[in-house]
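With chain R fixed as given, assemble chain H onto it according to the hints.
2 protein chains.
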Amino acid sequence: MWKGNSLIDVLNIDYPIIQAGMAGGVTTPELVSAVSNTGALGNLGAGYMTPEAMVQSVKEIKRITNRTFGVNVFVPQNPQATEEEIAEANKWLEPYRNELGIEQEPTPEQDVALFEKQIEGLMTEQVPVVSFTFGVPTREVIKDLKKEEIVVIGTATTVEEAIINEEYGMDMVVAQGSEAGGHRGTFSGAFDDAMIGTMSLVPQVVDHVKIPVIAAGGIMDGRGIKAALALGAQAAQLGTAFVTCKESGAKVQHKEAILNTKETETVVTSVFSGKPARGIRNSFIEKMENGEGHHLLAYPLQNTLTKDIRKEAASQNRPEYMSLWSGQSPRLSTSQSASSIVESIVFDLENEKM
Amino acid sequence: MWKGNSLIDVLNIDYPIIQAGMAGGVTTPELVSAVSNTGALGNLGAGYMTPEAMVQSVKEIKRITNRTFGVNVFVPQNPQATEEEIAEANKWLEPYRNELGIEQEPTPEQDVALFEKQIEGLMTEQVPVVSFTFGVPTREVIKDLKKEEIVVIGTATTVEEAIINEEYGMDMVVAQGSEAGGHRGTFSGAFDDAMIGTMSLVPQVVDHVKIPVIAAGGIMDGRGIKAALALGAQAAQLGTAFVTCKESGAKVQHKEAILNTKETETVVTSVFSGKPARGIRNSFIEKMENGEGHHLLAYPLQNTLTKDIRKEAASQNRPEYMSLWSGQSPRLSTSQSASSIVESIVFDLENEKM
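Sequences listed follow chains R and H, in order.
Quick note on numbering: numbering that gives the first Met the number 0 labels position 250 of the first sequence as 249, and the sequence is numbered without any gaps.
Quick note on numbering: numbering that gives the first Met the number 0 labels position 140 of the second sequence as 139, and the sequence is numbered without any gaps.
Next comes chain R alone, as it looks inside the complex (with noise of 0.2 Å):
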């Protein structure tokens, strides 16, 4: 049973359903309100957005909706690469750019004070509740956000990375499985060690957590939401669920692929950002994967380099290069709107017959 369960009751939301903040377009304001208008929580990705860019949605989406909705930012790193590791990475996505007839070569380059920036943009817009992916701010932001009574949510991957994001004050952990789509949110050892699925890790979370745990990881409607719930879970994250229905701001082909994807057709790669995500395995991935010795920069960087590439590929309808992220459920995928999929997950969950 979930009703009134402290999550629902610290979030103020009626339903254990949340959609991902899924950055790079996807979660329009049109989808975090929608979604947040049903009852379950939406998420603007703003983790590659600017400041301004942020808060120009967050006063949009305010404006459709009064529920409570949440903004996900990236936690940010900053790599250093020589011009020879810039220049070699470059080399390999050559062909790709002379394919599309892109003449510019992008130098890699990040704010290194976005973060920092959007923090205080999402404090100003007393934004109700903020997630983090790729590891964990300072004690400092976290305490300046709760102050504000800003709900704080973390992202886990294995068992060890919830109990940091416990320890450093997270009101609450998203345990990412390896079913999940889109980027891996391990921060703590080794990517490959940290592929735990949904049904393994979300169980050895709540056992060593006091926070509340959100599952994410292949949960796409009712049946695994009472999974999630089943297994100690609060509440479930959806991300691709929400990726193909109307209110989604990811392109058509990006739609069109996880609505006509196997389970057995998506893989983990870094060849896109230089951090593993999961994604619909296409031409581009494939030659990237298999081009011996080809050097990747680390995230952010490499995924500075390849988004011409991406948002080239997209506006001349070649999907065979862009970056098809989708979760191993998109077999369960649909097109309906963002509030007939909560709607049908919610008519599940009330009758909790099995």
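A hint or two may mislead.
[To be verified] In silico DSBU-like cross-links for lysine-lysine, where the CA-CA straight-line distance does not exceed 30 Å:
| # | chain 1 | residue 1 | chain 2 | residue 2 |
| --- | --- | --- | --- | --- |
| 1 | H | K254 | R | K209 |
| 2 | H | K209 | R | K254 |
| 3 | R | K261 | H | K209 |
[What the hints assert, rightly or not] Example chain R residues on the side facing chain H (calculated, C-beta under 8 Å, incomplete):
| # | residue |
| --- | --- |
| 4 | V74 |
| 5 | G188 |
| 6 | I195 |
| 7 | P202 |
Derived from the structure by calculation, the hints contain no laboratory data.
Here the structure is a predicted model, which is why all the values come from computation and not from measurement.
Even glycine gets a Cβ: it sits at the ideal position worked out from N, Cα and C.
Leaving out everything else, chain H in the frame of chain R:
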């Protein structure tokens, strides 16, 4: 709700709990009958057993229980290896044989008629349930078994494999998620593509077959079984959970290793048998995996080559050279008796409140 689902009726058991038929001496007649006596389904793992030893164990099980039990067998494959390949594979194992003082170098032999003789024995003994791993047998074998009113259960790691099992006439199918310990049941397509988490695999399989689905992979307690039922499975199969129990025939070092392992410490490797299997990382796996260009024979030939090493390592108390099969939920393992494991799960099931 699970009571009175068709699987329970067909198997004439009381609870939707199945003890996996693990090969290699884990599933002693005491374990199988203890599980069946509780009203769950115990299974003898006869994969590597001679027909004589299998029949002897079956007779022993019948003496201790009059409830339904099953036997698991391996669908055979008969790979060939040249003298050169065998010599090459043995070369990589030499250091371990030397360290353990093993003088005799084994020649990989297999009884190509083993499976046929096992099936004969199972029919003569009128074993109530026969389950298969590593593929589907011929339609004739399935027809013969069903003529004897033996329930046949297949194993699938993808939706496609589940459909093949149903199409061949299996009465039920186990959906084995990537969390599962021991050998991957994959028999169609690439092993890497068939690493689907249980949370994703089960509902997608349930949507594509009419026969009852049994969830396997990462399930250790009542939470996991409730989750499996929520996903649409009619029962759950537990392997690792029973390896550490009192009646298990697993080596003491194997039990201890599982009881002291974290969820991040298992890997899928082919170095022991020639087929991918999930077990606890140890130095044999690390050295063999890192051995540049090391040569492995195909399953089951590689298994016969490493048998003496695993056996001698156990008797010399050298777990670093043993195959320590485990799923991804070792933190949930306990050393209680088989009956207490089933009883505690049933207690949770009877108490449907989540």
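Could you check if G188 of chain R really has its C-beta closer than 8 Å to a C-beta on chain H? holds (6 Å)
Holds or violated: K261 of chain R with K209 of chain H, Cα cutoff 30 Å? Satisfied, since the Cα-Cα distance of roughly 19 Å is no more than 30 Å.
Interface hint check: I195 of chain R, Cβ to nearest Cβ on chain H, cutoff 8 Å. Holds or violated? holds (5 Å)
Keeping to a limit of 30 Å between CA atoms, is the pair of K209 of chain H and K254 of chain R held or broken? This hinted pair holds, its Cα atoms lying about 29 Å apart.
Chain H contact restraint for V74 of chain R - C-beta distance below 8 Å: violated (21 Å)
Is the shortest C-beta separation between P202 of chain R and chain H less than 8 Å? Result: holds, 5 Å to nearest chain H Cβ.
Is it true that the CA of K254 of chain H sits at most 30 Å from the CA of K209 of chain R? OK: K254 of chain H and K209 of chain R at ~29 Å, within 30 Å.
When the structure is compared with the earlier hints, a violation turns up for hint 4 alone.
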